[in-house]
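Next come the chains, spelled out residue by residue.
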Amino acid sequence: MLIGVVPFFAAFIYALGYSFGVMGVLNNGFTTRFWESVFASGEFLKSFGYSAAIALVSLVLSIGGALWVTLKFRRELDKKFLSFMMYLPLAIPGVVAGFFMIQLFSKAGFFARIAFQLGLIEKTAQFPDLVNDSLAFGIIVAFITMLIPFFTLLFLNVYKNERIEELSILAHALGANANQVTRRVFLPIILKKTGVLIALYFIFLLGAYEVPLILGQESPQMLSVLIIRETRQFDLSKISEGYVVAVMYTLVVSITVILLFLPKRKKAIYES
Amino acid sequence: MFLEVQNIVKSFNNEHVVKELDFSLDAHKTLSILGKSGCGKTTMLKIIAGLVEPDSGTISLKGENITHMRPEKRNIVYLYQEDLLFPHLNAFENISFGLRLKKIPEPQIKEKVNHIIASLELHGQATKMPTQLSGGQRQRVSFGRAIITNPSLLLLDEPFGSLDAGTRQRMQSLFKKLTQEYDITSLFVTHDLKEAVLMGDEIGYMRAGMLQVYKNKQDFINDPDTGVQEEIEYWKSLKG
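Residue numbers (the numbering used here), protein chains in the order written: chain A, 56 to 327; chain B, 1294 to 1533.
Please note that a few of the clues may not be correct.
[Said to hold, decoys possible] Straight line, CA to CA, 25 Å or less: simulated DMTMM-like cross-link-like pairs of lysine to aspartate or glutamate: (1) B:K1355 <-> B:D1319; (2) B:K1395 <-> A:E220; (3) A:K215 <-> B:E1386; (4) B:K1395 <-> A:E221; (5) A:K101 <-> A:E273; (6) A:K215 <-> B:E1375; (7) B:K1339 <-> A:E220; (8) A:K215 <-> B:E1451; (9) B:K1529 <-> B:D1512; (10) B:K1329 <-> B:E1308; (11) B:K1421 <-> A:E217; (12) B:K1469 <-> B:E1495; (13) B:K1421 <-> A:E220; (14) A:K215 <-> B:D1512; (15) B:K1470 <-> B:D1319; (16) A:K247 <-> B:D1319; (17) B:K1421 <-> A:E221; (18) B:K1339 <-> B:E1451; (19) B:K1396 <-> A:E273; (20) A:K127 <-> B:E1365; (21) A:K127 <-> B:E1346; (22) B:K1405 <-> B:E1495; (23) A:K248 <-> B:E1386; (24) B:K1322 <-> B:E1375; (25) B:K1366 <-> A:E221; (26) B:K1366 <-> A:E220; (27) B:K1339 <-> A:E221; (28) A:K134 <-> A:E221; (29) B:K1339 <-> A:E217; (30) A:K215 <-> B:E1346; (31) B:K1312 <-> B:E1346; (32) B:K1329 <-> A:E221; (33) B:K1396 <-> A:E221; (34) A:K247 <-> B:E1375; (35) A:K248 <-> B:E1375; (36) B:K1469 <-> B:D1319.
In case anyone wonders, no lab produced these hints; they're calculated from the structure.
Whenever a hint applies, use it, and build me the whole structure from the sequences.
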């Protein structure tokens, strides 16, 4: 409680106070104008929607990829070398992954040069915008390269611990074909066991900073980038607006986490 | 014959696990199979279930050669030593698993599952998840899940091995009752002499990958290799 909750709660109260003008050098007392200003500009909602869309697309593609790898290559991944190769990307920090994406996908990057050598483009400007682009291609690819190894290792672990191999054999014996085993045994067990972690990862991606800072566009920006930009402005009156966004983001995330960990209601009784 | 197993051979890394397996079984009968650990009992069951491919030999069920048929096409259910339940499904859904695969209408599924829940003495347990059930209850759910699909053949691999003596005894009576009620044909592998005699209409003894099926229970009791005589002498000596 002392290490986790108290500092977090204190910081939240400070941010709340700042957002209502109670704290801060240039603030003169309670006001709702910063909140009104943020809602009027619509930047928070746009940034929130943009961040949620990027997090969702990255997560869905990563989980889909990791499930496919687990299903098709679980025996191969038991080998020491391949297992090591899966752990390796986990050691790469977000900043480094961001710069890798620049090296690979920018207009002067690796793929642009290959395209030029192959005669597919005549000048770098013809290469499509794959970093700092409006569709967040660079951000999503960076997230996917970091997430697929993580989720694959997680799913492989659940596969072993939950004895999905034996359960699949059993399902076959009860008459299930390969497709039914995947849909009725493999997917529900893995997704149920990792559901909370997946939801927490969505929140983590929602608040990601380094990758969208390096690979994102000017507007809209992902939430953390927007918050930091607002709170670091030369115009000190804008700082409070940054805290409004931070408070709203914290509230959304906290409510989501509370809902995730609330005890589940029992399902309907079958016997009647 | 309902089940005919002829000259089945299986080796793993040059080790002959099953040698010239040859036996048959009538419909609605239970063949108890005894044998020490590592004698090839589980491999034999897995070959019949289609989970392990034999090196040679044939298996026929109801006159049809099923040696190379896929497991899900055989209508044979192999029950593991442990009560392996689907962890994401409650007792009701575990039992109805095979029925749902066959896309049976919901009211029929409900009726069948509730009937078997009553037969298995699992009243009030339908909505419980596997972790909320006792060992005996889990084993009964596992049985129910297998029986409800009306399998041609049920293969039981030491199903009561992990249960305490009292629960084991209750499960034995329940199994006997259910085999009669549902006309089940089964192979029942066990380590326990008494259980083999109690559960089987016929008894077989497996040693070093070879199965000997006795003509009657007396032959089984008289064979010194089975250990029955030793057991009788032991209990007699206690009596004084």
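Violations among the numbered hints: 14, 16, 19 and 22
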